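A.B. asks: Going by the working numbering, the sequence shown opens with residue 3, and the numbers climb by one from there.
No false leads were slipped in.
Below, simulated EDC-like cross-link-like pairs (lysine to aspartate or glutamate); rule was C-alpha separation at most 20 Å, straight line: (1) K33 with E23; (2) K4 with D34; (3) K33 with D18; (4) K7 with E45; (5) K33 with E55; (6) K7 with E43; (7) K33 with E21; (8) K7 with E42; (9) K25 with E55.
Simulated from the structure, these hints should not be mistaken for laboratory data. Keep in mind the model is a prediction, meaning the values are calculated, not measured.
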Amino acid sequence: MKDLKVPVHFVPGNHDTLESEFKTTRRVYEKDFGSLLYVEEHEGVIFIFVYTEPLARSFRRYVVMHFQFAKPHGTIV
Numbered sequence: 003m004k005d006l007k008v009p010v011h012f013v014p015g016n017h018d019t020l021e022s023e024f025k026t027t028r029r030v031y032e033k034d035f036g037s038l039l040y041v042e043e044h045e046g047v048i049f050i051f052v053y054t055e056p057l058a059r060s061f062r063r064y065v066v067m068h069f070q071f072a073k074p075h076g077t078i079v
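Generate the whole structure from the sequences, applying the supplied hints.
C.D. replies: As C-alpha cells, then:
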C-alpha cells in the first residue's frame with residue numbers, strides 16, 4: 003500500500019475491538035492505528051470516521067467527549 007498515491011485511513015471493524023474487552027482492545031487499536039473517531043479533509047471534502055459498533059450500547063458519551071467536528075467549508079455533499 004505504500005506505493006499508492008492516495009490517502010489511506012483506517013477504521014475499526016467489529017473484530018478489531020471486542021465488547022467484552024473494550025478498554026484493552028481499544029487501547030491496542032488506538033496505539034497501532036489512531037483514534038476511533040476523527041475528521042479528515044481531502045480536496046475540500048470532509049470525511050468523518052466514526053467507530054459505530056458500541057453506539058447501540060450508550061456510546062454517545064464517548065463520542066461527545068472525544069469527537070471534534072470540522073467546520074464545513076463550501077458545499078456539504
